[in-house]
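K.L.:
Sequence:
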Amino acid sequence: MPYIVGLTGGIGCGKSSIAALFAELNVPIVDADIVARQIVAKGSPLLEKIVNHFGSNILLPSGELDRAALRQKVFQDPEQKTWLNNLLHPAIRTEMLAQLHNITAPYVLWVVPLLFENQLERFCDRILVIDVSEETQIKRATQRDKNSESLIRKIMQSQISRQQRLAKADDIINNEQPFAENLDCLKTEVMKLHQYYLQLSQ
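The sequence shown lines up with residues 112 to 313 when you count with the numbering used here.
List of simulated lysine to aspartate or glutamate pairs, EDC-like, C-alpha gap at most 20 Å:
#1 Lys279 x Glu228
#2 Lys279 x Glu245
#3 Lys303 x Glu135
#4 Lys303 x Asp282
#5 Lys298 x Glu135
#6 Lys298 x Asp281
Quick list of simulated restraints, FRET-style, between CB atoms:
#7 Ser173 x Gln310: 40 to 50 Å
#8 Ala179 x Glu159: 17 to 27 Å
#9 Lys279 x Leu136: 16 to 26 Å
#10 Lys257 x Gln313: 37 to 47 Å
#11 Asn196 x Gln306: 36 to 46 Å
#12 His200 x Ala180: 14 to 24 Å
#13 Gln306 x Glu159: 42 to 52 Å
#14 Gln310 x Glu260: 39 to 49 Å
#15 Lys160 x Gln306: 43 to 53 Å
#16 Asp188 x Leu294: 32 to 42 Å
#17 Gln183 x Leu157: 14 to 24 Å
#18 Ala216 x Asn196: 23 to 33 Å
#19 Asn197 x Gln149: 12 to 22 Å
If you're looking for bench data, these hints aren't it; they were derived computationally from the structure. The structure presented is a predicted model; accordingly, all values stated were derived computationally and were not measured. For each residue, glycine too, the CB sits at the ideal point set by N, CA and C.
Generate coordinates for the entire structure from the input sequences, incorporating the hints supplied.
P.N.:
Right, here's the structure in full:
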């Protein structure tokens, strides 16, 4: 098993953008969101179960899962959210751990939005939190996902608080500034952490 750095942060904090900077340094990435998409791909047994439960209007015309429609349904109804989590979380966890196990690099970046909420930090050797203010989270997430502010707030309420997340962090990257304007600083910070993680993995 490689040295595992868990990367996490609230919705809209820019986890994927920071992970991409590590990927540019040839750091392998295991991303919970990508795994979550893989396990409900078109034609998969899990997608069939979701359609049987919610109906075929949960699908796009292409036959793929309409994630925005599903999100609307589950965040309005706690029981449906629990049903979906019980279906997907064990499968996502199994697939992620399998991918982590197969990595031969010195360390791996494991990108998990709900790292603490799903008690996955116990699998990590170190935790990197990407941090922005709650105002920035709402602004970025509503622009990116075209969702209402009230839905984004509901999603944020389902995640642990910013203070709790920061208290559990080993390392923190502040991603408050617009990404493009702050790219050079972020690259420098990522390079420092990369060198540090390579040392720790020895």
